[in-house]
Structure formats: C-alpha cells, structure tokens
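Peer 1: Make one complex out of these two single chains by using the hints.
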Amino acid sequence: MTETVQAPPQKERRQGTAPIVPVTSVASRTLMLLVTIMTFLSCVTVGSVVLIQKSAIGWSADVGREVTIEIRPMAGEVIESNVRTAISLAESVPGIGRARVLSQDEVEGLLAPWLGRGLDLTNLKLPQLVVVEIAEPQALDVGLLSRTIATVPGASLETHAAWRQQLNVMTGTVVVSGLLVLALILLATILAVVFATRGTMASSREIVDVLHFIGASNQFIASEFQKRFLTIGVTGGAIGGVAALMFFLAASLVVSTVLPSESSAQLGALFGRFALGLDGIAAILIIVPVVGGLTALTSRLTVRRFLEQISS
Amino acid sequence: MIQFEGVGLSYGDGPPVLKNLSFRIAPGSFHFLTGPSGSGKTSLLRLLLLSRRPSAGRIVMFGDDTTGLSGDRLLAIRRRIGIVFQEFRLLDHLTTFENVALPLRVQGLPDSAYRENVTELLEWVGLGQRMEALPDVLSGGEKQRAAIARAVISKSELLLADEPTGNVDPELSERLMHLFAELNKMGTTVVVATHETSLLKKFAVPRMVLKDGEVRFHD
Ligand SMILES: Nc1ncnc2c1ncn2[C@@H]1O[C@H](COP(=O)(O)OP(=O)(O)OP(=O)(O)O)[C@@H](O)[C@H]1O
Ligand SMILES: [Mg+2]
Numbered sequence: 001m002t003e004t005v006q007a008p009p010q011k012e013r014r015q016g017t018a019p020i021v022p023v024t025s026v027a028s029r030t031l032m033l034l035v036t037i038m039t040f041l042s043c044v045t046v047g048s049v050v051l052i053q054k055s056a057i058g059w060s061a062d063v064g065r066e067v068t069i070e071i072r073p074m075a076g077e078v079i080e081s082n083v084r085t086a087i088s089l090a091e092s093v094p095g096i097g098r099a100r101v102l103s104q105d106e107v108e109g110l111l112a113p114w115l116g117r118g119l120d121l122t123n124l125k126l127p128q129l130v131v132v133e134i135a136e137p138q139a140l141d142v143g144l145l146s147r148t149i150a151t152v153p154g155a156s157l158e159t160h161a162a163w164r165q166q167l168n169v170m171t172g173t174v175v176v177s178g179l180l181v182l183a184l185i186l187l188a189t190i191l192a193v194v195f196a197t198r199g200t201m202a203s204s205r206e207i208v209d210v211l212h213f214i215g216a217s218n219q220f221i222a223s224e225f226q227k228r229f230l231t232i233g234v235t236g237g238a239i240g241g242v243a244a245l246m247f248f249l250a251a252s253l254v255v256s257t258v259l260p261s262e263s264s265a266q267l268g269a270l271f272g273r274f275a276l277g278l279d280g281i282a283a284i285l286i287i288v289p290v291v292g293g294l295t296a297l298t299s300r301l302t303v304r305r306f307l308e309q310i311s312s
Numbered sequence: 001m002i003q004f005e006g007v008g009l010s011y012g013d014g015p016p017v018l019k020n021l022s023f024r025i026a027p028g029s030f031h032f033l034t035g036p037s038g039s040g041k042t043s044l045l046r047l048l049l050l051s052r053r054p055s056a057g058r059i060v061m062f063g064d065d066t067t068g069l070s071g072d073r074l075l076a077i078r079r080r081i082g083i084v085f086q087e088f089r090l091l092d093h094l095t096t097f098e099n100v101a102l103p104l105r106v107q108g109l110p111d112s113a114y115r116e117n118v119t120e121l122l123e124w125v126g127l128g129q130r131m132e133a134l135p136d137v138l139s140g141g142e143k144q145r146a147a148i149a150r151a152v153i154s155k156s157e158l159l160l161a162d163e164p165t166g167n168v169d170p171e172l173s174e175r176l177m178h179l180f181a182e183l184n185k186m187g188t189t190v191v192v193a194t195h196e197t198s199l200l201k202k203f204a205v206p207r208m209v210l211k212d213g214e215v216r217f218h219d
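From first to last, the protein sequence lines are chains F and E. Per the numbering used here, the first sequence starts with residue 1, numbered consecutively. Per the numbering used here, the second sequence starts with residue 1, numbered consecutively.
Honestly, the hints are just simulated from the structure, not real lab data. C-beta: ideal position from N, C-alpha, C; glycine also.
Over 12 angstroms on every C-beta distance to chain F, these chain E residues come out as not near it, computed from the model:
#1 Ser10
#2 Gly12
#3 Val60
A few chain F residues facing chain E, derived, Cβ under 8 angstroms:
#4 Leu211
#5 Ile214
#6 Phe220
Chain F is faced by these chain E residues, among others (derived, beta-carbon under 8 angstroms):
#7 Glu98
#8 Leu102
#9 Pro103
#10 Gln107
Chain E with its partners taken away, still in its complex shape (with noise of 0.2 angstroms):
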C-alpha cells in the first residue's frame, strides 16, 4: 500500500509543486496520473520512485515510512518499482537487450537466468529484430518500447510511467496500455501519466488530476 501524508515538495527555494498532498493508492489499483504540463506529474512520480525527497510530510511505500530511510533498505523499496522515465534515459553504449536485462543484471542473475525472458519480452514490443541495436539507431517509438520493457521485466509491484505513450503511433500506444492492464490483472500497481485525452477516453481508469500543487480523485 502506498499512502501521501501531507507531503510537499518545492525544488530548491522554489514555490511549492506540490502542496499537502494526502491520499492512498491501493495495491493492484490503476491509475492515469493527469494535468497540464507543469502541474508536477514528474514531480510525483519522482516522489513515488523516491528519488527525490518531500519537502513535508510522509510517505509510506509497501507499508513502510520511508523518511529517512536509506541503503538496503531504500534498495529493497526500489527494486519493487518499474519506472519508464519521460526521456527514456536509455544507457547509450548498451544494446536495446542489454539495457532491458539491466534490471535484472543488477540484481546478480547470470545472463542465462534472464536471456529466454527479455528475448521474448522484446519480441512481443515488437523489437525482436532491434535487440543488438544501440539506442542512438532506435527510432523515438523504439526507444520507447525499449524503456517500457525494462522498467516491467523484474516484474515489479508498483510499475510508474511517464508519458510512456508520447512517441509511439496510436495503434501501438493502445497495444502499451493493453501491456499494462494485463501486468495490472496479475497484480502490478499501475501509475501512468499521461495528458493524451484520446487514451483518457478510450481506457475506463481512475485518474489522479494535479493542478496547482493539489491532487483530485476521479473514478
């Protein structure tokens, strides 16, 4: 369970991004993260992959506090999130395979623990023939599909996207979100941030809306 009690953040002496935000996020719930640009959806997300601490309040990941919580078990927290950042921030000297396995390598699998896995894994993103290809060869879609591979192949409990849907055509986007249901119905908690009103439209989701540093709830 992840829970926001009062939490703040303002970047440096900044205003505040975002202010008091206090709700729940149930375990195996999905939700679009929305609002205009700058209304702090990357902010949040940042918040939620704790790489950024609030400026106030508390936040509780997987039933633990996590102010002040920091090495193994800030690792042990991390290595339950997926996370496709906004610009993809793929490693430009690894291939599209080794980056996807990266998650994994990490933890300490040998490469044949995994190689079955994220072949198969990239072929159904449709990058079965881009798998030695470097990221500056991929297009912005490939790229993409690659970023989103890597942050579901550990299979993670909470999955976080960042405008995952930006750069692909719609008929793609809508094979992503069908990707992100589907880790939804096995249990993977799913927050996806996205403006793209045509996706809003078509998938029937609980939104998150952030304007002026608040948080409102529509179901």
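Bound conformation, chain F alone (with noise of 0.2 angstroms):
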C-alpha cells in the first residue's frame, strides 16, 4: 500500500511589520459586510431624500412663478371675448406681468404623460388656461387679482396655493422620516459594531493577554485593534458608498433609456430624472466616511472598556 505524503500548504513569506492583530478573522469580515451594507443604506436613503426635496424645490419654484387662470366654456358666451377681457384684466393688477393664454398644443404637451400622444382633443370642450406670470410677488395682491377675475364669467383663479402646501407637507414628511431612517441605521450600525469589537477582543484573548506579558501598554494594544477596526470602517463605508452611488447612475440609466419615454416623463416629473447632482453625490460623499469614521470611534471605546476591564 502506498501513501501519499503531502507537504503541509506553505503559508507566505511576510515582512517583520505584519499586523498585530490579524488580518482575517470571520468576526472582522462580518463586520466589513456589516458597514458595507449599512453605508449603502444610509447612502440611499440621503440620496432617495435628496432627490424628492430637490424634485419638490423644482416643482414648487415653477409652480410659485406663475398662477393660471381657468376660463370655463358656458353657454351663450364667446370664450374667446371672455379670455382676452381675462388676460387684459389681469395684466392691469400691479405686480402681474404677462399673461397669455395657453395654445391647443400646449395644453395636448401637458396632458401627453398622463392621456398619451396622438389623442384627438379637438372635439372635446376642454377649459381655456391662461397663464398669468408673476414679476413682483411682493407688490402682487392675489385677492385682489382673484375678486377681478371673478367679474370674467366662466373665470377662475387658481394659485396652486392648496397644492403648494400640500406638496411642502409631503416633502417634509419625507425628509424626516429619511432622517429618522438615516438615524434608526446608524444606531444599528454603532450596536452591532459594539458587537462584533467586543466578538472580536474576546477571541483574541490569548494575543491581549501575550502583548500585556511582553510589556504592551494598553494605549499600544488598543491602538493595533483600531488599525483594524478603522481600516475595516473606511474598506467597508467605501464599497457602500460605491455602490449607492452605482443603484443611482444604474436607475438614471434605467429611466432614460429603458423605460419608454411617457412613463419615463411621469417618472422624471416625480423624481427629476434621478439626477442625483452635485448635492446628492456630496451628501452621498459625507455618509462613507461619517459611517467609517462611527464604525472607528465606537470600537476604539469598546476596545477601551474591554482592556479596562480585563486589567481591573
């Protein structure tokens, strides 16, 4: 019978400098898995939270610019008349500059996301819009604009001032439940990092106690852990952050160019064609090393406690 010897698997050759405290262990990679995961969720939700307050912003700025006056077709009366005595009505209140009244193509342009291109809207006796621009909000009196308009028959104002409010309601409750996200995930993220140091120290036990023994301060032993552990938070909060930054591009590209492009303009109303822009990527850019830096800080106490303890 013969048998096989097999030399043992030769580890690699290292330099005198290699770490103290080693570099691979299941706890540490558990713990890189762990910050990657929450950085990229803290990423998406700043980045999610970004993207509907500027989407709001935008909406809300055009919206603010301009009021629209309604003019309903009623019987016995020329709509036509009705819209000019509107539009020269409104053009002598102070603070109002131009208004003019919306073509048939304009308004087929506005409906197109919603009813689809191609429809036939000839036939169908649609209101007249006149959009009535705003040069001096301050100097405009919108109820006295309101009361003279009201004389148009047929005619109504519309200010959007319900909806303004409406939509500042939402965007709030969106950016603080974000934050409130934000803040649920780095709460778990600093337990959890608790977790893994203190999973960490205590399996490495036998290397604490050597490093006492050949005269390590507790500063020195500390410090080769949070080596580790800041190494570890910076690796991890990076790949997260990478990746939240990739699910961005990936869904702008996914809005451009996949999707067709009526549901792809309802999206873009919604969210401004998922261009993060430059406030977003910066935000993006804060959350990595906020987390790699959360992840370092909150191990470097643990590993204080631990050492504390263990030589009371």
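Peer 2: Structure, rendered in structure tokens:
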C-alpha cells in the first residue's frame, strides 16, 4: 500500500511588520460586510431624500412664479372674448407681468404624459387656460387679482396654494422620515459594531494577554486593534458608498433609456430624472466617512472598555 | 532586588497554593525553581511577573512595592522582566521573526532598529532557517527556542522561564542553559522552573524548592 504524503501548504512569507491583530478573521469579515450594507442603506436613504427634496423645490418654484386662470366654456358666452378680457384685466393688476393663453398644442403637451400623445382633443370642450406670470410677487395682491378675475363669466383663479402646501407637507414628511431612518441605521450600526468588536476582542484574548506580559501598554494594544477596525470601517464604507452611487447611476440610466418615453416622463416629473446632482453626490460622500468614522470610534471605545475591564 | 514578605496565594476559594513565603532574590543571581508537579512553580512565576496579585503579603520588585501598582508603573516593571511560558504562547499568525521581535516592537521600536539583533539571536538558537515560519509548522523544540528568544530579546533584568527545556533534546537543553548562564553573567537575574533532574545535577546552581506551599533554599 502506498501513501502519498502531502506537504503542508506553505504559508506566505511576510515582512517583520505584519499587523499584530490578524487581518482576516470571521468576525472582522462579518463586520466589514455589515458596514458595507449599512453604508449602502444610509447612502440610498440620503440620496432619495435629496432627490425628492430637489424635485419638490423645482416644482414649487416653477409653480410659484405663475398663476393660472381657467375659463370654462359657458352657454351664451364667446369664450375667446372672455379670454381676452381676462388677460387684459389680469395684466392691469399691480405686480403681474405678462398673461397669455395656452395654445391647443401646449395643452396637449401638458396632458401627453397622462393621456398619451396623438389623442384628438379638438372635439373635447376643454377649458381655456391663461398663464399669468408674476413679475413682482411682493407687489401682488392675490385677493384683488382673484376678485378682478371673478368678474369674467366662467373664469376662476388657480393659485396652486393648496397644492403647494400639500407638496410642502409631503416633502417635509419624506425628509423627516428619511432622517429618522438614517438615524436608526446609524444606531443599528453602532450596536452591531459594539457586538462585533467585543466578539473580536474576546476571541483575541490570548493576543491581548501575551501583549500585556511582554510589556505592551493598553494604549499600544488599543491602537493595534483600532488600526484594524479603522481599515474595516473605511473599506466597508467606501464599498457601500460606491455601490450606492452605482445604484443611482443605474436607476437614472434605466429611467432615461429603458423605460418608454411617456412613463419616463412621468417618473422624471416625480424624481427629476434620478439625477442626484452634485449635492446628492456630496451627501453620499459625507455619509461614507461618517459611517467609517463611527465604526472606528465605536470600536475604539469598546476596545478601551474591554482593556480596562480585563486589567482591573 | 526582589523581596517576598509573607506572600500567600490561593485561586478563588481554593486552598492556598503558596503560604507565607518570605525570601529575597539578589540581583544577578541564578536560581532553579523545583518541586513536584502542582507544587506551585508556575504560580510563583506568575507572582514574579505581576500577572497575579498575591492573596496576602507584599512583593517588592527592583526596590518598588508592587502592591496596588497599575498602569504605567506596572508596565515599567513588566518591561524589565522576560518570560518563557510553559505553553510557549507564541502568536499564531506571526512568523518566528515577528514573534521574537514583539517585545521590542511594543516598545515602539521600528523594524530597522532590531532586525539585525533578532536575526542574530534566531541564528544563535538554531532558528535561522525558520524565521519566516508560522508557529503551527514549528516543532515543539523550535517553538520553545522561539519562546526563549522572545524572552531574552529585550535584555531584561529578570528572566523567568517555566520548564524551558521540557521539549528539547538533552544537547539543546544544555545549550539553552548555557545561554541562560551567559545572560546571567552579563547581569540578568535568572529563575528557571524545572523538574529535570539531569539539568539539576549538571548545573551547580542554587535551588528554590517548593513543597506544600512553602519554599526552601538550597545552595
Ligand atoms: N488559574 C488557576 N486556577 C485555579 N487553580 C490553579 C490555577 N493555576 C494553578 N492552579 C492550581 O494551583 C496549584 C499549583 O499549580 P501550578 O501550575 O503553579 O503548579 P506547577 O508547580 O507549575 O506544576 P507543573 O510542574 O505541573 O507545571 C495546582 O493545584 C493547580 O491546580
Ligand atoms: Mg507549571
């Protein structure tokens, strides 16, 4: 009977300054994955909040620069003459710039994302819309404008005030919930890091004891462990951040290329085409060091406490 | 100078392992610490390393009362002591070289400051070819020599060794004893726990004998 004797796998040759705390251990790999996921979630949360807030600000600003007069067709009235009256009345009010009626094409364009293009609207009796630009918002008395317009038969003023208020409430809710979610994620990160650190320290107890016996200070031991945890935090944070950026990039590509143009226009209206913009990217780039630093700081405190406990 | 005054030690609620020890160990002396298995040799070395506090009495190390000592002052005393553990306690993920260099590294010295010394010492203990090996591929004797090298690398004033020749052949164990004797000649105080009678016979060194929790000195 022959027996093959296999040489034990040769461990890699290393330099004399290998980390005192082992680079790979199950606990540290788990911790790295955890930090990556937490960073990704934080970044996606912050990015989404930025997206929604930006879109809301965009809508609000667009809407705030103008008001609309709606003139409904009424029996016995010539709608074109009512429109002209409304335009000249509106322009006579202080603070108002130009007023103009929306053409049939423009109305169709507005409705296209919702009703689809190529719909023949000529037979529908649609109200006419007059867009009134506000030149000087401070000089404008909306009440006066409203009363003036009301004298025209079938005309009413739409200031979008209620809609804007709703929009503000909705955006505020989204932002607050987003921040709450972010806070919870960070809290969960801290707790998980504390547990992972304690686990790593407990499994490294022999290293800690030997280091003590050969004359290492608590400070030295702590800094060796912190180096590991800082690396873990920064690496995990960076991977999570890059993943989040790629997520938003992919989302914006999907929205602009894959989806048919009508639905993309709808989504675009809702999310501003998923363009994070510089401030969104900046927010994500801030989250990465925050999570990385939080990991390092938390494990630093945990390591200190562990060392104090065992040497007392 | 090392001085024990009425020192007792018990683990938890257990019976006393060491009772009312009072003795002095002069600087620059060489002692064997002997006694049957379980007589408390390792325990006495733990007290000398200050890794355990006595349950009674006080221990003076290098002229300082160590009762209640902690932090930097404890660290300063530890750094004057080198220790070879009975179970070696090398760090598994570090090479022989890195393990031996560790006492210097934890004092903040850079690699360049000790590379030559460590290499020289490793060659001297016959580990010149095993410098980059990890402990789990070393033989028992090789681990022991690495542990001894780690204990003497920082040229401590007091060298404690717990059964340092337990795993090596007689020829090597004699060479190791000569290494200890050489270090002792250069001024290091040495305490070697052993129950190897061949060594005790071969080297005419004063003995501390532990029995029933008490220590007796034989010159
Ligand atoms: N950490 C400990 N906790 C509780 N009891 C201990 C501990 N260490 C040692 N003992 C007990 O103290 C006594 C002395 O042990 P010690 O290890 O000091 O003996 P020793 O002389 O070194 O023995 P050996 O020659 O086998 O190494 C033994 O009865 C042992 O069971
Ligand atoms: Mg022992």
